[in-house]
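Asker: Here's the letter readout for the chains.
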Amino acid sequence: MRPNDRKYTETHEWVKIDGDTMLIGITDFAVNELSNGNADDLVYCDLPEAGRMVEAGETFGEIESVKAVSDLNSPVAGEVIETNTAIEDHLEVLSKDPWNAGWMIRIKPNSKNLDHLMSAEQYEKHISQPH
Amino acid sequence: MKQTPLYGIHTQLGAKMVEFGGWHMPVQYGPILDEVKTVRSKAGLFDLSHMGRVRITGKDAVRFVDSIATNHVAKIPLGSIRYSLFCRADGNPIDDLLVYRGPDEVYLVVNASNTAVDLAWMREHSRGFDVHIDDQTDAFAMIALQGQVAESVLQPLWEGIELAKLGYYKFGFGTFLGMPNIRVSRTGYTGEQGFEIYIPADSAARCWSAVMEAGKGAGVLPIGLGAHDTLRLEAGMPLYGHEIDATHNPVEAGLNFGVSFAPEKGEWIGKSALQAVAAAPRRHLVGIQTPGPRVPRQGYKLFQGEREIGYVVSGSVSPTLDTNIGTAYTELACGKPGEACEIDLKGKRQPARFCALPFFSRTRK
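Protein chains in written order, with the numbering used here: chain A, 19 to 149; chain B, 809 to 1173.
Just so you know, the hints here were simulated from the structure itself, not pulled from any lab data. In this text the structure is predicted, and so the values were computed from the model without any measurement. Incorrect hints may appear among the rest.
[Stated by the list, open to error] No more than 20 Å apart at the CA atoms, straight line, and that leaves these computed lysine to aspartate or glutamate pairs for DMTMM-like:
hint, chain 1, residue 1, chain 2, residue 2
1, B, 824, A, 46
2, B, 1154, A, 76
3, A, 130, A, 100
4, B, 1109, A, 89
5, B, 1154, A, 80
6, B, 824, A, 58
[Claimed, not checked] Heads up, incomplete: computed chain A residues facing chain B, CB under 10 Å, no partners named:
hint, residue
7, 58
8, 64
9, 84
10, 85
[Said to hold, decoys possible] Far from chain A, by Cβ distances over 10 Å, these chain B residues were calculated:
hint, residue
11, 819
12, 939
13, 967
14, 988
15, 1050
16, 1054
17, 1055
18, 1081
19, 1142
20, 1164
21, 1172
Using N, Cα and C, we set each Cβ at its ideal position, and we do this for glycine too.
I would like the entire structure built from these sequences, with the hints used as guidance.
Answerer: Listed below in structure tokens is the structure:
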């Protein structure tokens, strides 16, 4: 079971409330799809500058593996106030700890409502379906 | 979606399976870049059973293939193989292929994704020729062992053929693991010395296991299509859907060695269109290298300053060159080896440099 303290998108991002802000990252499933379990297969992660405004569902960055590039989509609308630049040079963090050390951006959300997103249980069902 | 006779082996090995050209194929068994290094340093075993295999017989076989293929089939020595393409009247290819010329056959190996189109094209244009077109794709499997140890690993499994005497782009027949009359060619899509072997579908699993067993001490490993794509790109070999497709012709792709305008070949589909391209090309295929961090990908635009000068058609991390590489079409005035350009990544620019093709090859240079 994935962590229950956060919500999930169909495109495999997670969002977690942290005080007045929210942390956003991608799931272990997304990392594994990109890297097939080989941390070295991840080659690049492009994160936005602080101050960038994003809409819910808007692409805020890209993550690239040896064979593919994937968009990173924001689960919520708001202002990017911090990015985890440490992962740009240490992509292996995403394989080791996508839930904590692997957070990507911190957002000051327009709304605290996350009802449009999936619970951990719903996300488990989502990824167990053929895709 | 179709499965090759080796599907069970791939899943047993834990391969990541993907759809490719209508087939379930292994994209990787382990890290892709490690698989590339294995082929460059030792050898790798590939399942290529998804490729289309078509045997053409009948008294007009050579004349028929000469009427639809770009290369001069009548000039291929018996026992030799040539790269060729099938083009439409507009000179753009519907596929590229290898043509094996035997004493009583012309044997074609085509891309999986285009096999159905190729067969329909051949049947449509075979009217008036005394030929029999036999699709052997499902009856046979195809495996390739590519890399420096391929010959020494394989030879003990053969009787009646000396692989060392089989030259590059030559084929022969021998007894393989006790099965007589098995086709083998010194060909490949990796830039390494290696062989492609055509075996009855129901013997594929046994043959695969025997080659793996024979190669165990030499470090032979199974290799997926992900590494295959990087190996072919490093070797400067075209892939249909990238360097060539319905809007990219073989002349501008630099594949003139696969195109014959010889008068003795007579007329063939696409000839006059390609002669016009050869007389006045508008673009050319070149290599690019970029230290990174981003990998060139199909569709990325290339700039020099504010001027858009071309676009990427293939790209990969290259573990052999330890940099990121790609192929691109540019205006003829650009693309000289060493010349600088920039890759556009959604508005961000990354420096790159043009370079000669192939990036790496042990079979040509």
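Asker: Failing hints, ascending?
Answerer: Every hint satisfied by this model.
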